[in-house]
Every structure is written in C-alpha cells, then in structure tokens.
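Here this note's numbering is used: the first residue of the sequence shown is 38, the next is one more, and so on.
Careful: at least some of the hints might be erroneous.
To be verified - Here are the simulated distance ranges between beta carbons:
{"#": "1", "residue 1": "Thr166", "residue 2": "Asp580", "range": "17 to 23 Å"}
{"#": "2", "residue 1": "His567", "residue 2": "Asp138", "range": "26 to 32 Å"}
{"#": "3", "residue 1": "Tyr224", "residue 2": "Ala146", "range": "35 to 41 Å"}
{"#": "4", "residue 1": "Glu283", "residue 2": "His567", "range": "50 to 56 Å"}
Unchecked claim - No farther apart than 25 Å at their CA atoms in a straight line, the calculated lysine to any residue pairs in the SDA-like style are these:
{"#": "5", "residue 1": "Lys420", "residue 2": "Asp544"}
{"#": "6", "residue 1": "Lys365", "residue 2": "Pro395"}
{"#": "7", "residue 1": "Lys494", "residue 2": "Thr140"}
{"#": "8", "residue 1": "Lys420", "residue 2": "Trp304"}
Honestly, the hints are just simulated from the structure, not real lab data. Backbone N, C-alpha and C fix where the C-beta goes; we use that ideal spot for every residue, glycine too.
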Amino acid sequence: MTLQCWLASSDQRIYPRIPAAATTTLALDLLRGERGSFQVAGRTGDCAAGWRVECEPPAGLDVRLRRVGYVPFPRWNTATPDDDREGFDHIPGLVPDPLFDETQVAAGAHETNAVWVSVRARPDATPGTVTLPLRVTVERIEGQPEDAPAQTIDLTATVTFRAASLPARRDFPITNWFYADAIADWYGVDPWSEEFWRLARPYLRDITAHGVNVTYIPLFTPPLDGVKRPTQLVGVARDGDTYQFEWSNVERWLQEAREAGFDTFEWSHIFSQWGAVYAIRVYEGHGETETLLWDPETPAMGETYRAFLGQFLPEFERFLRSHNLMDKSLFHLSDEPHGMEQLENYRAARQLLRELAPWYTVMDALSEVEFAREGVTDMAVPKTSSVPDFLSEGFDVWAYYCCWPRGPYINRLFDTPLSKIRMTGFTLYKTGVRGFLHWAVNYWYESQTRTLIDPFKEADGRRWPNWPYGDPFVVYPGADGPLDSLRWEALAESYQDYAMLQAAGVDRNDPLLAPIIDFGDFPRDPAWQHETRRALRDRIERD
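Please construct the entire structure, taking both the sequences and the accompanying hints into account.
Take a look at the structure:
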C-alpha cells in the first residue's frame, strides 16, 4: 500500500518512524465555544508520496488544518526518568513540533507525517452530533506516471456540540513573556517602527488566542538573560540632573495589546536580574544609538539610580492613573533572586521602593520561602516544585516553570509528553495558585547573547543541559507572523480546562480532583483527563 492513513488524538506526538494504526474514526465532545484537536496521520510504504488533507466543515464548527513539521532533537533533556519522557523509541532524532499553515505533505519512503486538525464549536452551534469528513488525496507517488490518477482515502470524525457554552476564564492571570527584540532582529526591522508593529501584531493576537491574558511591557529593555538589543518604550532625555520622559510608544503598546485581547499589564523589572545588584540599563531616547545614561555596573542603591527613580516613579504613577491602569498592572523588582546575599540586596531595593513609591507592589519569580517570610515581595512566584513550601506556610503565590523542575514535574519541553503538558490547567486549579508565569514565548537567541539562532534547528539556546530543548520558545517565526507548536496548542487547551473547572463550580477538594496532589504528582493516563472533562461538561450542562 502506498499510504496508510489513520486518525490520532492530540495526546501523542506522531514521530517519523511511528507505525501505522487502523483508526479511521474519532469522536470529540465539546461545549459551545470550546476548542479541541486531533491528527490525521499517514505513513508511506516503500516509495515516496505526496499527500494532502481536505475537509468540508459542517455548520457550527470552525476547522483549521496545519502540517506538523519536524525539528532536530539531538539528545535527551537531563534529569528525567525514562518513564516520564515521550518518544523514547525515536530520540535522538526528529521531534514533531512546529505547525505550518499548509495541508500538503511531501513524504519519503517508510515515513510518517501528520496534519493537525484544530476545531472549535461556535458559540451559536446547534446542539447535537455532526460528522466531519476528511479526505486524504495521494497526489504523487514515486515511480508512477505524471498523469496517474490521484488516490483518495476517506476518514471520519464526529463532533458532539453540548447545549452549554464555555465561559471565559476568570480571575486567573497567565503571562508568557514576549520578546520585542527577537521580532526586530529576526525580521530586520527597527523597534517601534510601523513595520515592527505590523509584524508584532499577529504575535500578540496569537498569544491571547492561546489563553494568555497578561502582556509583559518593556518600559525599559528587560533586564533578563544578558545584554539585549535596546527595546525601550519610554523615551528618556537628560539635562544635567533632570530627566524627562516621553510615553507615546508605551501608549502604542497598550493600544495594540488591548486590541489583541490583553486585559492585564505587566511592567518590566526595574532592577538587575538575580538579586538587584545593579541599576538597569537605561538608554538615551529609546536606545537608538545605544547610549547609556550610566555605567552598566552602577549600584542599584547608588545615588545615581536613586535620583533617576525618584523622578521616574512619580511620572510612572501619573501615567498609570491617567490611563486607569493601577488595578490592572503587575510590577517586578528583580527576576529570580536567590541566596542570602541576594536577599539582602532585594530587601534594600524593596525598601527604596517603599520610600519612593509606596504604591509599587512587587511580584517576582523566586523560590525561597524566606523572601515571603520577610515580606519583601507582595506575591511570590515560585517554581512549581517549591509551591508547596509557600502554601504550607499560608502564602498566596503564583507558579512558574522554566528550565526546571524536570523529572516528574510538569513542563513543556520537547520530551514532555503532550498529555503531561495538558495537565497544566488542572494542576494550577487544584493547587490554588493565583496565576502562572513562563519566561519565553519567542526567545530565539543563543543564551544571554544577542546572537540569533535558527529555532527550526536549535531549541536549547546553545546551553544544553542547563537549558533543555523546548524551553526558550513555543512559537516559531513565520513569514509574517508566528507558527504555533504542538506544545503551545496543548497549553492553550489546558488553560481551557481551568475555565471549565471554574464554569462547573468545582471545589478544589472535590473528589473529582483527588488524584492530583501537586505539580509532580498527578494522573499520567490521558484517559483520566478525557473522563474528567466529560464529567465537567456534564456538570456545566446540568447547571
């Protein structure tokens, strides 16, 4: 047989050497407004073939087809046991991840490929069950004459629309940091030019479409992961000891963000990373000439930076109040402080902020409970492995994961099972954390440098094993906007699970969620997720 085709769930990755299955039908169960996904997979025989997928969506259903691409995964991420990986029989090798906006596949002999099918039940869909027919057309077969007739294979999915609708998630902020410098550098445009905004706009809209509702705003070039290309929204001019600030680019970011669907605004850190040792890099103007206003090693507590903050922070407060942003804003001090020496620096920086800007609340990614005990942060954001330490002492927290933790813990790496990524929303809800943060939507750089990498070839920032494959980004650069990934789709659907739990009014101590203990101890079987979602839909429909 030239091509064997089947339908596969979105719980598993389809690797190039995975054998064919016999599944020609698949059923989805959706609330109105809910999204779901599955895959059309095809494996060639002993010759190359070209094939494509088409469908005619029934009324009430939005459908998007995208080819699943492969990217190199040259070695396993470390610190994870084999039974907590996906693709054990296929790695090192190629891993499926990017989603290309095309439905045609060019396959070699004995090769498996997939087309990702995203579906969404429209809010006005008529309740009931509809058929989604899918046709695979084998267009080119190695060795056949040019005029040989195309072959077709028919597959069928069914979609049941519930009468109930899925409300939007409430009161749970999610942020995933978007890097403006990566857009400027990858596409070769100037920050804040009209061409920059044309390119950034689809990225911002893609982020909100995947359930993220907080935008990280680079008032000043984010003091994160090395010295970056300046992306300073605030215009700064200095005349002796006096500073003037210009806000038009900040207003433009807010406009674009609101139009993209963001409702919460996260302002960049105002002290250096890892413990607030230094003042951040602030440039003349917007950084066009990269002229710094002070030496990069200017002390955070020195008079130069104190004088700057003494003028900037009142202006910032006036800007926020004039735009009615005070209750919609999140503020940072220094990213990932740790250890007693950095705690001392962080404590001093927080005291400075209390003197200059008592209104300035603080939240930061930090995982040592001593910071919360001392009250130097208003909202700690510990790694998922440290969340229980904070909760056991009664602190409200957000949660984050990045390079770590690994092992049994949820993450979003190339070897994290998709079904495990999909548990993110369930575990966020069960643990009762107040928000979720990840550091990188689109960090396409060699770690802590300004050197671009090709994300289709490298996914570890050239820092393996410290930076695992899949950590620095979840979208790839397309011609005029983002290309999503399988991991990004799984996360979006997991955030939808959070909204479903809210809509069903599930108490966190409900027996339904009893199998979830924390971010490292939860059900691994995808069947548990499917059964739990079905039970949630039943509750929502009853209510």
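Here's how the hints hold up against the structure:
Between threonine 166 and aspartate 580 the Cβ separation comes to about 22 Å, which falls inside the hinted range of 17 to 23 Å. At about 28 Å, the beta-carbon gap between histidine 567 and aspartate 138 stays in the expected band of 26 to 32 Å. Distance hint check for tyrosine 224 and alanine 146: the Cβ-Cβ separation is about 37 Å, which falls inside the suggested range of 35 to 41 Å. Under the hint 50 to 56 Å, the C-beta atoms of glutamate 283 and histidine 567, about 53 Å apart, fit the expected range.
With a C-alpha separation of about 24 Å, the suggested pairing of lysine 420 with aspartate 544 holds against the 25 Å cut-off. For the given pair, lysine 365 sits about 17 Å from proline 395 by alpha-carbon distance, which is consistent with the 25 Å threshold. Note on lysine 494 and threonine 140: the hinted pairing holds, with a Cα-Cα distance of about 22 Å set against a maximum of 25 Å. Straight-line distance between C-alpha atoms of lysine 420 and tryptophan 304 comes to about 20 Å, which keeps the hinted pair within the 25 Å bound.
Comparing the model with each numbered hint stated earlier shows that all of them hold.
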